[in-house]
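Asks: Here is what each chain is made of, one letter per residue.
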Amino acid sequence: VTTVSSGWVPFPHQRAFYDEFLAVDATPHQALLAPPGLGKRYVAQMLAHQSATGGRLGQVLVLAPGPLVTYFAAGIRALDPSLVVGILDRRRFREITASPPEDTPFPPDQIVVASIDFAKKEEVGRLLAQTRWSLIVVDEAHRLRGDRQVLVRQLADKADRLLLLSSFGLDAELIAAIPQLRTVRWSRDVVDPKGRRLLVDVPRSFRVVEYKRSDEEVRLSRQLIGLLDRQRALADTRQGTLLTEMMLRALSSSPIAIQEMLIHQRVALDPSVEENEWWGENAPASDTEPAFESLPLIWPDAAVAAAALDELISALDELGPDSKASALRELVHDLTSGEAETRFVVFTLFANTAAYVAEILADSGLNVQVLTGSMPADQRLWAVNEWTDSAGALILTDGASEGLALSSAHIAVHYDLPELATQMEQRWGRLDRIGQRETVQAYAFRDVRVTLESEEELLGAHGFVA
Amino acid sequence: MSDGNLIQFPFPEEHEPSLPPHVLYQINDLLPEGQQLCTIPPTTRASDALKVMKELGYSQLPVVHNLEVVGVFSHRSFVDGVLSLEGENKLRAEDLPVADFLEQLSFADVRTDVDEILDRLDTHNAVLIGSPRALVGIATPMDALWYFHRLTSAFLLLQEIERAIRALLGYVYSDERLAQAVAQSVPIRPPQSSRTLTRIEDLSFGDYVQLIGNKDTWSQLQDVFGTSRELVLARLKPINQLRNETFHFRRDLVKDDYDRLTSTRGWLRLRLRLAGAQSQESK
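So the protein lines, in turn, are chains A and B.
Anchor point for the first sequence: position 29 equals 29 in our numbering, and the numbering is continuous, going up by one each time.
Anchor point for the second sequence: position 155 equals 155 in our numbering, and the numbering is continuous, going up by one each time.
Do not take every clue at face value.
What the hints assert, rightly or not - Here are the computed lysine to aspartate or glutamate pairs in the EDC-like style, where the Cα-Cα straight-line distance is at most 20 Å:
id, chain 1, residue 1, chain 2, residue 2
1, B, LYS255, A, ASP89
2, B, LYS255, B, ASP29
3, A, LYS212, A, ASP398
4, A, LYS120, A, GLU140
5, B, LYS51, B, ASP80
6, B, LYS255, A, ASP398
7, B, LYS90, B, ASP48
8, A, LYS120, A, ASP80
9, B, LYS51, B, ASP100
10, A, LYS212, A, GLU455
11, A, LYS120, B, GLU33
12, B, LYS255, A, ASP378
13, A, LYS212, A, GLU318
14, B, LYS215, A, ASP317
15, B, LYS237, A, ASP117
16, B, LYS237, B, ASP207
17, A, LYS158, A, GLU210
18, A, LYS158, A, ASP192
19, A, LYS121, A, GLU95
20, A, LYS212, A, GLU457
21, A, LYS121, B, GLU33
22, A, LYS158, A, ASP25
23, B, LYS237, B, ASP122
24, A, LYS158, A, GLU122
25, A, LYS121, A, GLU140
26, A, LYS121, A, ASP80
27, B, LYS90, B, ASP80
28, B, LYS215, A, ASP363
29, B, LYS237, A, ASP363
30, A, LYS121, A, ASP147
31, B, LYS255, A, GLU95
32, B, LYS51, B, GLU86
33, B, LYS215, A, GLU457
I should point out that these hints are in silico values taken from the structure, not numbers from a laboratory.
The model shown is predicted, which means the values in this text are computed figures rather than measured ones.
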């Protein structure tokens with residue numbers, strides 16, 4: 001019987017997997033696929049902890065998407081503050097490379113956590129491959145394609161145990177390449193020790209909040225779309241298309257989101273104040289936002305574009321009431337009237353929209369907490385705890401929401417809808433998880449004038465309209 | 001077996017304080033994130049090495065023999081070498097192996113203080129980082145320049161933002177009117193009770209946010225900041241937080257933070273331009 005330390009009291013499905021994984025005759029390579037909210041990351045953190053401290057396995061490597069690295073490390077430290085959890089980044093890599101060859105790069109009593117995209121760099125992968133890992137955990141394993149997959153396949157060959165975690169299916173090539181991969185699937189039917197279902201099949205309700213964009217807002221939107229269309233005709237590259245799509249999504253999100261993107265474009269056009277004057281090629285690395293967002297578009301005539309951008313940016317400052325924000329105010333008023341302790345989450349696509357929504361809601365005297373991907377893990381956890389204790393609104397971007405258990409609320413306001421079904425499922429998984437007993441209510445916004453067709457398409461794609 | 005219970009993350013203050021990753025600035029901080037080391041064997045023809053240097057935009061290449069750095073081939077070492085050649089060798093210098101043009105640069109450990117290599121960068125234009133058998137990188141004066149820029153740019157951006165806000169407030173308020181608006185908006189905190197906030201320069205960034213965020217005084221500020229108070233606050237409150245984190249050295253800013261600073265600075269530039277034009281018109 002294995003020892004489960006640190007006060008962790010597992011549910012049966014977690015305990016079963018934990019024990020089976022650590023069994024002497026266990027299949028060395030395993031995948032744990034489970035819907036969000038069943039605590040698979042907890043099990044992985046416990047296995048990492050047990051492997052590093054229990055003398056069963058030994059050296060542990062955790063590979064996670066960049067934004068989850070500090071979060072994963074904080075989770076393991078929370079289990080056992082005395083445990084050394086080292087984050088392998090470029091700085092640490094250089095220290096290791098410069099150390100005498102007789103030094104062990106990764107001490108056995110330390111858990112190493114690295115961003116998968118950093119680890120896949122040739123020289124880093126080579127270093128990692130020099131160590132015989134007792135356990136390798138790969139979080140968000142459905143993202144393993146291309147170079148990421150090559151790295152994991154190489155490391156798997158030399159690892160005693162491999163654990164792939166995902167809420168979704170794995171790439172077929174990866175499955176074929178890892179011999180005897182045992183896949184464990186947790187369904188929504190998992191039970192507690194008394195046989196009661198942990199994930200109660202709570203209903204999910206879809207509600208649409210309708211509003212009507214003003215003539216001024218529609219005119220401004222058309223003006224921007226016209227400008228982007230002219231740019232697209234000139235630079236029909238993938239990057240240009242992606243960037244213009246992103247700008248339309250920012251336009252749909254909030255005045256500040258689109259204004260900020262336009263400012264990036266405007267600054268890049270100004271010969272005296274080029275955006276890269278600050279960084280050039282030396283910009284600090286970021287895993288939280290796609291790099292193309294701040295890339296400059298190619299305009300047919302820079303002077304004309306600069307004037308058009310100036311006009312749009314100032315027009316956004318002078319825009320009358322924001323009809324979407326007004327609809328949010330009304331919705332929140334309805335949700336909270338008569339309920340002193342109403343707790344709900346608001347999902348946004350952009351960090352600046354989150355800050356903007358916070359201002360809108362704080363104005364109503366509501367307790368508001370904001371989480372964004374660039375916040376350090378401890379600040380994020382503090383904000384969630386504050387919100388859990390005092391109710392109100394928790395406003396968060398998708399990058400900040402990964403791994404959070406927010407089942408103390410049952411209302412999700414999608415101020416912006418995500419593009420992908422997997423992102424939407426992640427959002428559901430924050431609330432519809434162990435402990436949820438209420439109908440999970442999802443609200444999305446619909447402009448009845450259909451100013452932006454993409455908004456309408458997303459409402460259909462995520463089940464808000466037929 | 002128990003009923004099962006997922007553990008909760010502790011509050012941050014319950015965490016054991018963890019040591020910061022580093023306290024003093026080291027050469028390790030100076031090396032660019034994406035530096036790709038390129039080395040060549042001593043038998044490489046000088047012309048081939050020069051082509052590689054041109055292609056990669058490098059000024060020098062470490063020369064490695066039997067897994068050990070034996071010297072550096074650089075523009076300078078090539079020129080010095082050519083000058084010292086005699087007779088026909090001078091004419092065919094580019095066909096000679098780089099082994100004939102090596103210079104010796106000093107090594108420094110990744111943990112060395114940045115100060116310690118500045119003289120060497122000045123004299124030799126580069127310092128090798130690591131050791132002959134474990135080369136980690138090459139530090140150049142440009143790396144140092146970018147590094148110091150990286151350290152200071154947040155302060156410069158914040159300074160520009162603060163000055164721009166002051167300038168915008170200056171379009172609206174005389175000292176006398178400012179004192180009234182401040183009295184209306186900015187709560188006096190006990191330690192500052194004797195402080196008289198009568199000039200824009202007396203205000204802290206938090207005071208600006210309070211002043212701009214006050215519904216009662218907002219109508220006075222719309223001309224210079226735009227109509228939406230929420231929009232302006234959504235811009236400035238996160239900047240206030242970044243300012244506190246920067247000036248109190250709480251954390252290193254990341255790219256998203258710099259994006260926010262640069263876009264706020266860009267927005268303020270535009271607002272200043274508009275306010276200036278309005279002011280001219282009214283005269």
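Asks: Can the restraint linking LYS51 (chain B) and GLU86 (chain B) be considered satisfied, given a maximum Cα separation of 20 Å?
Replies: 24 Å, violated
Asks: Is it true that the CA of LYS212 (chain A) sits at most 20 Å from the CA of GLU457 (chain A)?
Replies: 17 Å, holds
Asks: Assess, step by step, whether the Cα of LYS215 (chain B) is no farther than 20 Å from the Cα of ASP363 (chain A), and give holds or violated.
Replies: Within the cut-off at roughly 10 Å; holds.
Asks: Below or equal to 20 Å on CA atoms is what counts here, so check LYS255 (chain B) against ASP29 (chain B).
Replies: 16 Å, holds
Asks: Check whether the Cα positions of LYS215 (chain B) and GLU457 (chain A) lie no farther apart than 20 Å.
Replies: 38 Å, violated
Asks: Is the hinted pair LYS158 (chain A) and GLU210 (chain A) satisfied, with a Cα-Cα distance of at most 20 Å?
Replies: Since the Cα atoms of LYS158 (chain A) and GLU210 (chain A) sit roughly 56 Å apart, the hinted pair is violated (cutoff 20 Å).
Asks: Given the proposed pairing of LYS255 (chain B) with GLU95 (chain A), does the C-alpha separation stay at or below 20 Å?
Replies: 24 Å, violated
Asks: Taking only the CA atoms, is the gap from LYS121 (chain A) to GLU140 (chain A) under or equal to 20 Å?
Replies: Answer holds: LYS121 (chain A) to GLU140 (chain A) is near 18 Å, not above 20 Å.
Asks: With the threshold set at 20 Å, check whether the alpha-carbon distance from LYS237 (chain B) to ASP122 (chain B) stays at or below it.
Replies: 42 Å, violated
Asks: Compare the distance between the alpha carbons of LYS255 (chain B) and ASP398 (chain A) with 20 Å, and conclude whether the hinted pair is satisfied.
Replies: 18 Å, holds
Asks: Would the pair LYS121 (chain A) and GLU33 (chain B) pass a check requiring their Cα atoms to be no farther apart than 20 Å?
Replies: Holds. LYS121 (chain A) to GLU33 (chain B) sits at ~12 Å (cutoff 20 Å).
Asks: Sort out whether ASP192 (chain A) lies within 20 Å of LYS158 (chain A), counting only the CA atoms.
Replies: This hinted pair is violated, its Cα atoms lying about 36 Å apart.
Checked against the numbered hints above, the structure breaks hints 3, 8, 15, 17, 18, 23, 26, 31, 32 and 33 and satisfies the rest.
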